[in-house]
Amino acid sequence: MTDTQTISVTVNGETASAAVPVRQNLVDFLRNTLGLTGSHVGCEHGVCGACTLEVDGAMVRGCLMLAVQADGAKVTTIEGYGDRAAALRAAFIDRNALQCGYCTPGMLASALEYVEGGGGADRAAIREHLSGNYCRCTGYQSIVDAVCDVIEGESS
Amino acid sequence: MKAAEFLYERPASVAEALALLADEDRDATPLAGGQSLMPMMNFRLAQPGTLVDLSALEDLRGITLSDGMVRIGAMTRYVELVRSGVVADHAPLLAMALPHIAHAAVRNRGTIGGSVALADPAAEMPALLLALDAQITVQSAEGTTTHGATDFFLGMYETALEEGELVSEIAIPVAAPTDRFAFYELARRHGDYAMAGVAVARRDNAHRVAFFSISDRALRAFDAEEVLDKGGSVIDAVAALAELPYSGDLNAAIPTKKHLSGVVLTRALEAL
Ligand SMILES: Cc1cc2nc3c(=O)[nH]c(=O)nc-3n(C[C@H](O)[C@H](O)[C@H](O)COP(=O)(O)OP(=O)(O)OC[C@H]3O[C@@H](n4cnc5c(N)ncnc54)[C@H](O)[C@@H]3O)c2cc1C
Ligand code: FES
Ligand code: FES
Numbered sequence: 026m027t028d029t030q031t032i033s034v035t036v037n038g039e040t041a042s043a044a045v046p047v048r049q050n051l052v053d054f055l056r057n058t059l060g061l062t063g064s065h066v067g068c069e070h071g072v073c074g075a076c077t078l079e080v081d082g083a084m085v086r087g088c089l090m091l092a093v094q095a096d097g098a099k100v101t102t103i104e105g106y107g108d109r110a111a112a113l114r115a116a117f118i119d120r121n122a123l124q125c126g127y128c129t130p131g132m133l134a135s136a137l138e139y140v141e142g143g144g145g146a147d148r149a150a151i152r153e154h155l156s157g158n159y160c161r162c163t164g165y166q167s168i169v170d171a172v173c174d175v176i177e178g179e180s181s
Numbered sequence: 684m685k686a687a688e689f690l691y692e693r694p695a696s697v698a699e700a701l702a703l704l705a706d707e708d709r710d711a712t713p714l715a716g717g718q719s720l721m722p723m724m725n726f727r728l729a730q731p732g733t734l735v736d737l738s739a740l741e742d743l744r745g746i747t748l749s750d751g752m753v754r755i756g757a758m759t760r761y762v763e764l765v766r767s768g769v770v771a772d773h774a775p776l777l778a779m780a781l782p783h784i785a786h787a788a789v790r791n792r793g794t795i796g797g798s799v800a801l802a803d804p805a806a807e808m809p810a811l812l813l814a815l816d817a818q819i820t821v822q823s824a825e826g827t828t829t830h831g832a833t834d835f836f837l838g839m840y841e842t843a844l845e846e847g848e849l850v851s852e853i854a855i856p857v858a859a860p861t862d863r864f865a866f867y868e869l870a871r872r873h874g875d876y877a878m879a880g881v882a883v884a885r886r887d888n889a890h891r892v893a894f895f896s897i898s899d900r901a902l903r904a905f906d907a908e909e910v911l912d913k914g915g916s917v918i919d920a921v922a923a924l925a926e927l928p929y930s931g932d933l934n935a936a937i938p939t940k941k942h943l944s945g946v947v948l949t950r951a952l953e954a955l
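Chains as they are written, first to last, in this note's numbering: chain X, 26 to 181; chain V, 684 to 955.
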């Protein structure tokens, strides 16, 4: 018998109610039940950062949170960043900061938290903040370039 | 890699949580930030019957200053410690170490109580609490007990915590202006678990030296402390590490751990 509970969660500004199996993690709920497949799943143990998304204003691992724990919370995924991430999106494209794009939703989420938190164009600090996100393609250089561009662009 | 079935409860009070944990039929396990327990459940290394989510227990959160102690509720998240002026001013050793503990997204949910209860031999917090002579308060349906950090961490993932008990508070003596602290760790990637690390505190010429990631638990290096208390050199202090109960892990065998413990201690003492 699967234990289920009914949750009500605001995802990208829209409220959704659903009965979820309590063992289901948040990212599976978003992908499988709500069809929001922007958040990716890599390792399911918190190491790769592909599932990083925003819950109540903080970036978290979507694979290490249960959907039932999001009851009453505000979740924002890559589909819902809108204008907030416009500069980062453009900089990622300009700098070729993605190849396959698998890590990109999580990278953008982490980068957005850094930029919105007032982080400086300090490569070491940016690397530290993004250290929990694996990219298997670009070697990070261009990702850090993109984040720097956004910060320098905004401060000038 | 999905967790096995379990029942889920989110109690609204500590008393309710303790009652759930005391109910033997439930095979209940507390869930704090989930940053270690969820991976363990996904790997099926842990298969609790009931998860008791502590996230609604506001009583277990917060950072206060009283009776010469920085008091930190068990459910206080790492990110709150990072942002805390009280921690920066009165527990500077924690402030030094926090950026090395996991990654930003993990620090947004991981809690100090979860780290203390888990007692991962590679985690920073147990060693920090040993170096700081911290006290750990534990609650059960029967009452409240306080342990000194040195008596709390007993082995690999093993603490003085008993079935049905919750870590409720961690208390750290306020740092005096003359106290000196140092922290150093070697990790492959920033934020990953270290291959070896050390926390050092010097108060009134008494040293406390605590290592992590070199043994099956966080441990104090009593012989090295004695050398330093007597004004011995860094080289002598490093030599005094030889008898520690080292153990290897996936990253490094015992000879490497021995070598790295000397490296981290040297670097920490140079910064003291
Ligand atoms: C990618 C990654 C990297 C990490 N790197 C590091 C690192 O470098 N250093 C480090 O120290 N940690 C690291 N962590 C672990 C993370 O910081 C831990 O999750 C945290 O320390 C444990 O806290 P939690 O609140 O998440 O506990 P949970 O995962 O919720 O719980 C851990 C254990 O403690 C028990 N428990 C929790 N709270 C209590 C309580 N109040 N009373 C009694 N029992 C309790 C639970 O039942 C469980 O057995 C990393 C994690 C990830 C995913
Ligand atoms: S899928 Fe969540 S961190 Fe890898
Ligand atoms: S772009 Fe391919 S993993 Fe980062």
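Check before you lean on any hint, since a few could be wrong.
Claimed, not checked - Which residues of chain V face chain X? A partial, calculated answer using Cβ under 7 Å: (1) GLU688; (2) LEU690; (3) PRO694; (4) ALA695; (5) HIS786; (6) ALA787.
None of these hints come from the bench; they were simulated from the model. We put the CB at the ideal spot given by N, CA and C, even for glycine.
Hints and how they fare:
1. For GLU688/V, the interface hint holds, since its Cβ comes within 7 Å of a Cβ in chain X; the closest pair sits about 6 Å apart.
2. For LEU690/V, the interface hint holds, since its Cβ comes within 7 Å of a Cβ in chain X; the closest pair sits about 5 Å apart.
3. The beta carbon of PRO694/V comes no nearer than 14 Å to any beta carbon in chain X, farther than 7 Å, and the hint placing it at the interface is violated.
4. At its closest, the beta carbon of ALA695/V sits 13 Å from a beta carbon of chain X; the interface hint therefore is violated under the 7 Å criterion.
5. Hint on HIS786/V holds. Least Cβ distance to chain X is approximately 3 Å, under the 7 Å limit.
6. Because the smallest distance between the Cβ of ALA787/V and any Cβ of chain X comes to about 5 Å, under 7 Å, the interface hint for this residue holds.
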